[in-house]
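Chain B: place on chain A using the hints.
One line per chain: the protein sequences are A and B, in this order.
Just so you know, we're using the working numbering here: the first sequence kicks off at 1 and counts up by one.
Just so you know, we're using the working numbering here: the second sequence kicks off at 1 and counts up by one.
Please keep in mind that the hints were generated in silico from the structure rather than gathered at the bench.
A portion of the hints provided could be inaccurate.
[What the hints assert, rightly or not] Derived contacts from chain B toward chain A, CB cut-off under 8 angstroms, selection only:
hint, residue
1, A57
2, G61
3, A66
4, V67
5, T90
6, D99
7, S103
8, L105
Bear in mind that the values here come from a model prediction, so they are computed numbers and not experimental data.
In this text, a Cβ means the ideal position worked out from N, Cα and C, and glycines have one as well.
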Amino acid sequence: MHRTNWNTKAENRAARLARVADALGARRTGKRVATEAVVALLEAALEPGDRVCLEGNNQKQADFLAQALMQMDPQRVHGLHMVQSVLALPEHLDIFENGIASRLDFSFSGPQGARLATLVSAGRIEIGAIHTYLELFARYFVDLTPKVALVAAQAADAQGNLYTGPNTEDTPAIVEATAFSGGIVIAQVNEWVDGATTTLPRVDIPADWVDFVVVAPRPNFIEPLFTRDPAQISEVQVLMAMMAIKGIYAEYGVQRLNHGIGFDTAAIELLLPTYAESLGLKGKICRHWALNPHPALIPAIEAGWVESVHSFGSELGMEDYIRARSDVFFTGRDGSLRSNRAFCQAAGHYACDLFIGSTLQIDLDGNSSTATLGRISGFGGAPNMGADSRGRRHASPTWLKAGREARANRVGAAGTPRGQKLVVQMVETFREHMQPAFVERLDAWTLQEQAGMDLPPIMIYGEDVTHILTEEGIANLLLCRSDAEREQAIRGVAGYTAVGLGRDRRMVENLRDRGVIRRPQDMGIDPREATRNLLAARSMRDLVRASGGLYSPPKRFRNW
Amino acid sequence: MSNIPPGLETLDYSFPGHRQAGAFAPVLVGVVGSGNLEVLLEPASGTQCDIHIETSARGFGAIWEAVVRDFHQRHPLAGVQVSVNDMGATPAVVSLRLDQAVSELAP
Chain A
1 MHRTNWNTKA
11 ENRAARLARV
21 ADALGARRTG
31 KRVATEAVVA
41 LLEAALEPGD
51 RVCLEGNNQK
61 QADFLAQALM
71 QMDPQRVHGL
81 HMVQSVLALP
91 EHLDIFENGI
101 ASRLDFSFSG
111 PQGARLATLV
121 SAGRIEIGAI
131 HTYLELFARY
141 FVDLTPKVAL
151 VAAQAADAQG
161 NLYTGPNTED
171 TPAIVEATAF
181 SGGIVIAQVN
191 EWVDGATTTL
201 PRVDIPADWV
211 DFVVVAPRPN
221 FIEPLFTRDP
231 AQISEVQVLM
241 AMMAIKGIYA
251 EYGVQRLNHG
261 IGFDTAAIEL
271 LLPTYAESLG
281 LKGKICRHWA
291 LNPHPALIPA
301 IEAGWVESVH
311 SFGSELGMED
321 YIRARSDVFF
331 TGRDGSLRSN
341 RAFCQAAGHY
351 ACDLFIGSTL
361 QIDLDGNSST
371 ATLGRISGFG
381 GAPNMGADSR
391 GRRHASPTWL
401 KAGREARANR
411 VGAAGTPRGQ
421 KLVVQMVETF
431 REHMQPAFVE
441 RLDAWTLQEQ
451 AGMDLPPIMI
461 YGEDVTHILT
471 EEGIANLLLC
481 RSDAEREQAI
491 RGVAGYTAVG
501 LGRDRRMVEN
511 LRDRGVIRRP
521 QDMGIDPREA
531 TRNLLAARSM
541 RDLVRASGGL
551 YSPPKRFRNW
Chain B
1 MSNIPPGLET
11 LDYSFPGHRQ
21 AGAFAPVLVG
31 VVGSGNLEVL
41 LEPASGTQCD
51 IHIETSARGF
61 GAIWEAVVRD
71 FHQRHPLAGV
81 QVSVNDMGAT
91 PAVVSLRLDQ
101 AVSELAP
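With the rest of the complex left out, here is chain B:
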């Protein structure tokens, strides 16, 4: 945690998933820029979907939780590590990027 610049907030969520992603090449969508974000999907062991968020906008934990919960409801992935690098994107943009990343996974 020591390499996180001051001012960033870190949030972690973990959901039990049932749509096993299997092996896949890591997926990266979006860019780290003002009002935007980067989403990285990587294969992980187990049946969880782990979501790690680093955001420059502090104090929006409750909204992040609702956003990722709805995301997991749409895509109940298992065996996936989701990493989010956020620069103050709105929930609409976050949801869009997450969905875009998942669509890259689909066979």
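Only chain A is shown next, with the shape it has when bound in the complex:
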């Protein structure tokens, strides 16, 4: 076969740009497109069957472009293949209902999980695969490269430079993949500056990578996903946080870590300047973080615990605080946060020694999942944070200690010296409404059958989990030497759930003697001392006060 044209992408791109110029006429000035012409812009730039990345993650959303996509004429544009981090807005699924899109590759569908399951079973959506964030970004550069990227930024100038503000998030990864493969990049912005009398505070995406800019009629939506009101932290969560600090952080000297979302880990953050300080751990643990700017970390930062925080995204209300603490956070020359989801995911995977997070269900093998029946949700970044990094080659005392525990007395490949990342699942044995966190069989298996998936949607594989922490104690799975031991170690911290009541008491006591299971009293912790008084902040107001008034919580969290 003789190929004569090696530049079809460039020609196709030129044709699209020419179509846009024709369709918009005076409604376009350079890269700037009039707000009311947005649907015409998309109809001219897109072709049926295009692979399209619509920016939206668990924080910021290109919501105006999502609405515009939905308003296109399905006769002109249809059968799109959507490749996007998160399905969060109704429009993300509306475009499948009206035929504009037909195929989907994604990472997380949080609020739209139930509707997504319905559409899949009705045959309206064909799912390629569910990825982690990092996996999906990786595929943007291999076989899921977007032809058109629809992104959100805070502001643009006349040349088309973009300023994202603190919520840079996924934008650089998406734009890089699209702009350097003959694709088209379209940005919605909250404001436009001329670049002469007013300039951008900094450039996050250079103009050369951007084709069109539309000023949205209202600021793009941002979800304050990582804000947890300390008033809702329970004594049991305080107890579990004490065990995490004394039984794991201190034990392994954890300096570099990532916390999941939720009240369990917020409790740990709020115990650093109080309980952990009283144990003399300042400087010995928790100095470097891959973490969104959690308001709950403010007291620890103020007390001098934290050297650095790199963030996936930003958090509403934290802008001024971050700006005033530029030694700790990654900030631009303008002073505001520069977040980057792709780099922070890589940091969490390769440069952190510990991940700790919550889950909904854990089985007897230690597999855990947040997948629930009737929903197709995905796991976002959790599987990359909560996995041993097999490609890691640099050592740290924490990583080496975990590796030694896992490999002691083993030979051959299993005994080859190497380190291991600490992956901790932290759960109360019963969630609200007495739902047990420990189960014989994950709902994930039923979900696999129902949705015809290749694999059960497991968030963190039992093989990667090193510790399970409940109010009953800590099970150190690194020290287990058989599946039977592992099962009893898990049952041994499963409390009064059916799984916990089904324990072999003798074997569990034996595991406790060996330190595989440790109760609070084995760690020198008296559960009666686990009171909310230990929290460095007990309300949102306390957090604001701790920040010296720099933290400004969103309205819904202002309860005073």
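Quick look at chain B alone, frame taken from chain A:
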């Protein structure tokens, strides 16, 4: 029993104890609120530890039994009446409140 609101479940357990509590002023810990409970300890005659539970969460008898059995194993009290007013607390919270109540007893 007639003054118990509909929907509440009542459970009673009695264990033979050997740590005589003697005379003490009644102890009350916790609050009746969603996901929480109130525990009242009062002196009683005899060598039993009687536990009376009223709970808004029906159908968890087997778990209550395991929780109070473990409690009595930790604290084999005698001559004590324990009354529990529960609004759907988890076993972890129940055990914590019971232990907190007993620690108020200790001289």
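A quick look at each hint next to the structure:
Nearest Cβ of chain A to the Cβ of B/A57: about 6 angstroms, under the 8 angstroms cut. The hint holds. Of the supplied interface hints, the one on B/G61 is violated, with its beta-carbon coming no nearer than about 12 angstroms to a beta-carbon of chain A, more than 8 angstroms. Evaluation of the B/A66 hint against chain A yields a held restraint, the C-beta minimum of about 5 angstroms falling below 8 angstroms. Because the closest C-beta pair between B/V67 and chain A is about 6 angstroms apart, less than 8 angstroms, the hint holds.
A hinted interface residue such as B/T90 counts as satisfied when its beta carbon comes closer than 8 angstroms to some beta carbon of chain A; here the least separation is about 4 angstroms, so the hint holds. Interface hint at B/D99: satisfied, since its Cβ lies 6 angstroms from the closest Cβ of chain A, which is below the 8 angstroms cut-off. Look at B/S103: its Cβ gets to within about 6 angstroms of chain A, closer than 8 angstroms, so that hint holds up. The interface hint given for B/L105 is violated, since its Cβ lies 13 angstroms from the closest Cβ of chain A, which is over the 8 angstroms cut-off.
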